[in-house]
Amino acid sequence: MTESASILDVWVYLSGSPLFALFITLGAYQLGLLAYQRSGHSPLANPVAIAVLLVAGVIQALDMPYATYFTGAQFVHFLLGSATVALAVPIYRGLGAIRGRALPLLLSLSAGGAVSIVSALGIAWWLGIERKLALPMLAKSVTAPIAMGIADRVGASPTLTAVYAVITGVLGSILARWVLDWLGMKSAWQRGFAIGVGAHGIGTSRAFGISAECGAYASLAMGAHGVLGAFLIPALYRLAP
Amino acid sequence: MIAGLVQILLFQSLGELISKALLPTLPGPVIGLALLLAWLMLRRSVPPTLALVADGFSRYLGLLFVPAAVGVVGYLPELRAHGLALLAVLLVSVAATIAASAWVLKLLSRPEDKP
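Chains as they are written, first to last, in the numbering used here: chain Z, 1 to 241; chain L, 1001 to 1115.
Bound-form chain Z, shown alone (with noise of 0.2 Å):
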């Protein structure tokens, strides 16, 4: 047996078995922590963002099919359901955080929420923007576990719906300090509450890099953004025209 005979054997064999899609999955998310580390927590350099740009780059160099990437890469996938249960702890912890302010944080939440619904959909409406690129933006603005199972319920792209997650909550984490600015927003819980509304997870990182407060209400705000859309965004879509 040759010697390239012999590594086109181990190739045919790794890129067959849940190894090599694992591997490529998990070393690419570790370079994107350390470049997320270097640039010193720059939300430009999300960590996710890089993880799916560097996985999607080689399984394209090597003209690997996505579906058997994704065969052994469901290992990891599978945890997410798992993950989106282990969500009730933090939100168990960010409770304590509402203290009598129940009712302007469920507004404020819903408000944001129906915005974000509504000038997604209408502005790639205006655009016009095909419905399978624009109604995975229902859930944009929910955590990506949470919105992956929403759009799975409305018959949107979960992958696009991942998509749209992450760069919403790249691009929330760097406008929401412009936006909240611009508003004369000084209160530290305000201004965390709204960036958790608006870019979840993301947002919710960044939050707590500003202050303990501001991070707490962030948290509060992904987690009820998460489970009130879950309840309610398929609901409405049933009675959506």
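Please keep in mind that the hints were generated in silico from the structure rather than gathered at the bench.
Among the hints, a few may not be true.
What the hints assert, rightly or not - Computed footprint of chain L on chain Z; a stretch qualifies when at least three of its residues, placed anywhere within it, have a C-beta under 8 Å from a C-beta of chain L:
1. 18-31
2. 79-91
3. 166-174
Every residue, glycine too, gets a C-beta built ideally from N, C-alpha and C.
Given the coordinates of chain Z, work out where chain L should sit on it, guided by the hints.
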């Protein structure tokens, strides 16, 4: 740690069962989340092994949606055609979302809540 994982899988399975049998519009894991949250509120504390597993999941949550997001390779022609428009929609929409929720909070806050 295994005890924490078992609790999460238990609530996840309950959620999936309820989703299949009673509430098909709700994703099973979200029902599991709601049940686990209710259970934590009843017992008024988080068991340490559950906290360990949950914190691990939160820390690396982003990793878990990489496989699904890589599916974006299947949308490259559409994204090439509409990428800028989609980016513009997401940008305006997230700014409007943050502004709306902040504005409502500002409007409704009692004076003692203001700094």
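Against the earlier hints, flag every one the structure doesn't satisfy and list their numbers going up. No hint contradicted; all consistent.
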